[in-house]
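When you get a sec, could you build the whole thing from the sequences and use the hints?
Order-wise, the sequence lines are chains A and B. Mapping the first sequence onto the working numbering, position 10 (from 1) lands on 10, and the numbers just tick up by one. Mapping the second sequence onto the working numbering, position 151 (from 1) lands on 151, and the numbers just tick up by one.
Some hints here could point you the wrong way.
Note: identical chains are not told apart, hence a pair may lie in one copy or across any two.
[Unchecked claim] Straight-line C-alpha distance at most 20 angstroms; calculated EDC-like pairs for lysine to aspartate or glutamate:
{"no.": "1", "residue 1": "K166", "residue 2": "E16"}
{"no.": "2", "residue 1": "K193", "residue 2": "E88"}
{"no.": "3", "residue 1": "K166", "residue 2": "E151"}
{"no.": "4", "residue 1": "K132", "residue 2": "E170"}
{"no.": "5", "residue 1": "K132", "residue 2": "E191"}
{"no.": "6", "residue 1": "K193", "residue 2": "E170"}
{"no.": "7", "residue 1": "K132", "residue 2": "D190"}
{"no.": "8", "residue 1": "K166", "residue 2": "E75"}
{"no.": "9", "residue 1": "K132", "residue 2": "E33"}
{"no.": "10", "residue 1": "K62", "residue 2": "E124"}
In case anyone wonders, no lab produced these hints; they're calculated from the structure. Keep in mind the model is a prediction, meaning the values are calculated, not measured.
Protein chains: 2
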Amino acid sequence: MSPTAIRYHRGMGRWEPNAQGRLVQAALLLYVERGFEQTTVAEIAKLAGLTERTFFRYFADKREVLFWGAGALQELLVSTVATAPESEAPIATIRSAIEAAGATFQERREGSLLRQSVISLNTELQERELIKLASLAGAMAQGLRQRGVPEPGASLSAEAGIAVLKIAFERWVNAMGEPDLPQLIRDTFDEFKAATSG
Amino acid sequence: MSPTAIRYHRGMGRWEPNAQGRLVQAALLLYVERGFEQTTVAEIAKLAGLTERTFFRYFADKREVLFWGAGALQELLVSTVATAPESEAPIATIRSAIEAAGATFQERREGSLLRQSVISLNTELQERELIKLASLAGAMAQGLRQRGVPEPGASLSAEAGIAVLKIAFERWVNAMGEPDLPQLIRDTFDEFKAATSG
DNA sequence: TATCCTGATGTCAGAGAATGACATCGCCCT
DNA sequence: AGGGCGATGTCATTCTCTGACATCAGGATA
Numbered sequence: 001m002s003p004t005a006i007r008y009h010r011g012m013g014r015w016e017p018n019a020q021g022r023l024v025q026a027a028l029l030l031y032v033e034r035g036f037e038q039t040t041v042a043e044i045a046k047l048a049g050l051t052e053r054t055f056f057r058y059f060a061d062k063r064e065v066l067f068w069g070a071g072a073l074q075e076l077l078v079s080t081v082a083t084a085p086e087s088e089a090p091i092a093t094i095r096s097a098i099e100a101a102g103a104t105f106q107e108r109r110e111g112s113l114l115r116q117s118v119i120s121l122n123t124e125l126q127e128r129e130l131i132k133l134a135s136l137a138g139a140m141a142q143g144l145r146q147r148g149v150p151e152p153g154a155s156l157s158a159e160a161g162i163a164v165l166k167i168a169f170e171r172w173v174n175a176m177g178e179p180d181l182p183q184l185i186r187d188t189f190d191e192f193k194a195a196t197s198g
Numbered sequence: 001m002s003p004t005a006i007r008y009h010r011g012m013g014r015w016e017p018n019a020q021g022r023l024v025q026a027a028l029l030l031y032v033e034r035g036f037e038q039t040t041v042a043e044i045a046k047l048a049g050l051t052e053r054t055f056f057r058y059f060a061d062k063r064e065v066l067f068w069g070a071g072a073l074q075e076l077l078v079s080t081v082a083t084a085p086e087s088e089a090p091i092a093t094i095r096s097a098i099e100a101a102g103a104t105f106q107e108r109r110e111g112s113l114l115r116q117s118v119i120s121l122n123t124e125l126q127e128r129e130l131i132k133l134a135s136l137a138g139a140m141a142q143g144l145r146q147r148g149v150p151e152p153g154a155s156l157s158a159e160a161g162i163a164v165l166k167i168a169f170e171r172w173v174n175a176m177g178e179p180d181l182p183q184l185i186r187d188t189f190d191e192f193k194a195a196t197s198g
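See below:
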């Protein structure tokens with residue numbers, strides 16, 4: 001089937017509303033159906049009823065559509081770190097933040113799994129994911145520093161948290177038994193402590 | 001100054017020898033002088049006395065030139081893991097491997113710093129670096145698994161090692177006092193343990 | 001109401017990355 | 001001498017991404 005343009009309302013204004021949302025929806029649909037590489041930006045734009053040029057006004061590149069939520073995730077992590085109890089150990093603060101992040105993935109379980117299935121099939125997308133994760137680690141480290149945690153402890157704690165998130169997420173995706181991601185994160189943190197304290 | 005083609009010997013065979021080496025040398029030169037983005041593959045190829053098409057026969061993309069040594073590094077890590085004492089704790093094995101990797105950077109100090117200065121100025125290159133590091137972690141984890149270390153401990157230990165490498169390397173690059181990288185890695189491992197055992 | 005302005009989108013042109021198909025031609029082997 | 005091989009060149013093409021400029025509905029303003 002060849003999908004026609006995605007429309008929402010009828011000509012309310014000069015253009016259909018929610019251009020960015022239509023682009024995201026169109027891109028995700030095509031990435032899932034044909035794969036990321038086999039999808040051109042022109043096709044995405046056409047499906048969204050827009051032009052290629054407009055796509056690049058909303059997204060820096062073809063990959064970025066899939067990482068639209070990264071900003072909100074970073075805010076969640078940073079605010080969780082910022083509002084943690086003063087007396088708490090840095091690694092415990094990071095643990096709380098990562099658990100909170102895990103909860104949001106759990107809430108959007110279907111979407112998260114779909115998105116990951118696309119990413120897992122393409123190296124370029126994995127690269128983008130890794131740099132987003134590194135950015136998250138950097139933001140959490142900065143949050144810790146603002147709370148007086150010195151380097152390199154701040155960065156090391158943040159990196160540890162991201163490592164746990166990565167591996168817990170991977171377990172979550174591969175597990176058919178639908179475990180709870182926050183719980184998996186807690187378990188993985190414990191295993192991490194056991195594995196690295198040798 | 002506009003550099004002319006890089007030549008080695010005089011027409012020994014049909015072509016100048018060491019085409020790949022000339023490409024690496026030319027690319028590095030231009031990346032340092034003009035920056036990565038401002039350098040085109042056509043320019044690199046011309047400086048190496050070759051064509052654009054030949055560049056892409058040796059390197060999958062423009063970035064890959066800078067990660068030429070990753071294969072050897074991975075072999076070093078894997079073989080270090082493989083030959084570690086049987087009784088050793090997994091995290092200690094990883095620590096040894098990372099230290100060995102650090103030693104090779106220390107040996108090529110100038111080149112490592114130059115390379116990193118190029119990478120640090122460009123996001124695309126940082127993405128490639130991160131996925132290479134992830135690949136190293138994956139290889140080390142597999143090495144541990146072959147020694148009977150179960151998941152998720154194997155992956156967690158490997159990721160911890162890579163996190164330490166990243167941060168120790170960063171300290172090494174930013175430190176003007178020329179500290180010893182293997183020693184910095186040892187110190188960072190100790191700080192990591194302290195930071196994550198809270 | 002007439003006019004101006006703004007912002008979202010379209011149109012066009014172009015550089016540069018990357019890839020496939022095929023040509024070239026010294027060198028080595030027999 | 002002849003033939004095949006392998007490294008390189010040539011050519012054409014698709015696709016990503018960007019800059020410059022055009023368009024035009026709707027809101028603000030006089």
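Here is how each hint holds up against the structure:
Proximity of K166 to E16 under the C-alpha cut-off of 20 angstroms is found in neither arrangement, the shortest distances being 38 angstroms within a copy and 47 angstroms between copies. For a Cα distance limit of 20 angstroms, the shortest separation of K193 from E88 qualifies both inside one copy, at 17 angstroms, and across copies, at 17 angstroms. Taking the shortest Cα distances, K166 and E151 sit within 20 angstroms of each other only across copies (13 angstroms), while inside one copy they are farther apart (23 angstroms). In this homomeric assembly, K132 and E170 come within 20 angstroms of each other (Cα to Cα) both inside a single copy, at 16 angstroms, and across copies, at 18 angstroms.
Taking the closest pair of Cα atoms, K132 and E191 never come within 20 angstroms of each other, the shortest separation being 24 angstroms inside a single copy and 25 angstroms across copies. Only within a single protomer do K193 and E170 lie at most 20 angstroms apart by alpha-carbon distance; the minimum there is 18 angstroms, versus 24 angstroms between protomers. Neither within a single protomer nor between protomers do K132 and D190 lie at most 20 angstroms apart by alpha-carbon distance, with minima of 25 angstroms and 27 angstroms respectively. Proximity of K166 to E75 under the C-alpha cut-off of 20 angstroms is restricted to the intra-copy arrangement: shortest distance 18 angstroms within a copy versus 24 angstroms between copies.
In the homo-oligomer, the alpha carbons of K132 and E33 never lie at most 20 angstroms apart, since the shortest distance is 25 angstroms inside one protomer and 28 angstroms across protomers. For a Cα distance limit of 20 angstroms, the shortest separation of K62 from E124 qualifies both inside one copy, at 10 angstroms, and across copies, at 14 angstroms.
Going through the hint list in order, the structure does not satisfy hints 1, 5, 7 and 9.
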